[in-house]
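Trainee: Sequence:
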Amino acid sequence: MSASDSARIRVLVAENHPSVRENLRYLIDAEEDLECVGVAKEGRSAVRLSQDLLPDVVVLDEDLPGAPGLEILAWLVGAVPSVGVVVYTLNTDVFEEARRLGAACVAKDASYEVLLRAIREAP
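Going by the numbering used here, the first residue of the sequence shown is number 69, and it counts up by one from there.
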């Protein structure tokens, strides 16, 4: 592993829509300083992969089957406090609660540059 590989931000994508999930994986992997280490399509797999992979950042859709994104966020804050979380959703009504729990928030209609910046600056 090169020094540049070890400095990459490791990202887990938790998103239930297949095309969005794959676009995010491609977008993240196209960046030199980011690496998509896994993808989850529902809540339980997001929790399991967060434990197994210990990513630096989780990009979390608020509307995941199996467990709502805010429940997963609350769990992450307690169980994996070192992980940064970016809530990525169309439902901007959850932003206040997500921020209270320590997450960054990006609306799905924002530009990819906004999302990439949020990943890099994730709490």
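These are calculated hints, taken from the structure and not from any lab test.
There could be a bad hint or two in this list.
In silico lysine to any residue, SDA-like type, Cα no more than 25 Å apart, as pairs [claimed, not checked]:
hint	residue 1	residue 2
1	109	175
2	109	87
3	109	176
4	176	115
5	109	169
6	176	106
7	176	89
8	109	160
9	109	170
10	109	189
11	109	122
12	176	113
13	176	110
14	109	89
15	176	85
16	176	100
17	109	135
18	109	119
Trainee: Taking the hints in turn, state whether each one holds.
Mentor: Right, here's what the structure says about each hint:
1. Among the hinted pairs, residue 109 with residue 175 is consistent with the structure: their alpha-carbon atoms are about 18 Å apart, no more than 25 Å.
2. For the proposed pair residue 109 and residue 87, the alpha carbon gap of about 11 Å is at most 25 Å, so the pair holds.
3. Taken as a hint, the residue 109 and residue 176 pair is honoured in the structure, with Cα atoms around 16 Å apart against an allowance of 25 Å.
4. Of the supplied pair hints, the one linking residue 176 and residue 115 holds, its CA atoms being roughly 22 Å apart against a limit of 25 Å.
5. The hinted pair formed by residue 109 and residue 169 meets the criterion: a straight-line CA distance of about 22 Å does not exceed 25 Å.
6. At roughly 20 Å between alpha-carbon atoms, residue 176 and residue 106 fall within 25 Å of each other, so this suggested pair holds.
7. For the suggested pair residue 176 and residue 89, the alpha carbons sit about 12 Å apart, so the restraint of at most 25 Å is met.
8. About 20 Å separates the Cα atoms of residue 109 and residue 160, which keeps this hinted pair within 25 Å; it holds.
9. With a C-alpha separation of about 23 Å, the suggested pairing of residue 109 with residue 170 holds against the 25 Å cut-off.
10. Only pairs whose Cα atoms come within 25 Å are accepted, and residue 109 paired with residue 189 is accepted, the gap being roughly 24 Å.
11. Our distance criterion of 25 Å between C-alpha atoms is met by residue 109 and residue 122, whose separation comes to about 17 Å.
12. Using a Cα cut-off of 25 Å, the hinted pair residue 176 and residue 113 holds, with the two alpha carbons roughly 21 Å apart.
13. With a C-alpha separation of about 18 Å, the suggested pairing of residue 176 with residue 110 holds against the 25 Å cut-off.
14. For a cut-off of 25 Å, the pair hint linking residue 109 to residue 89 stands: about 8 Å separates their Cα positions.
15. At roughly 12 Å between alpha-carbon atoms, residue 176 and residue 85 fall within 25 Å of each other, so this suggested pair holds.
16. Restraint check: the Cα-Cα separation between residue 176 and residue 100 comes to about 23 Å, which is no more than 25 Å; the hinted pair holds.
17. Taking the CA atoms of residue 109 and residue 135, the gap is about 11 Å. The hint holds against a cut of 25 Å.
18. Between residue 109 and residue 119 the alpha-carbon distance is near 16 Å, which keeps this suggested pair within the 25 Å criterion.
Consistency note: the structure conflicts with none of the earlier hints.
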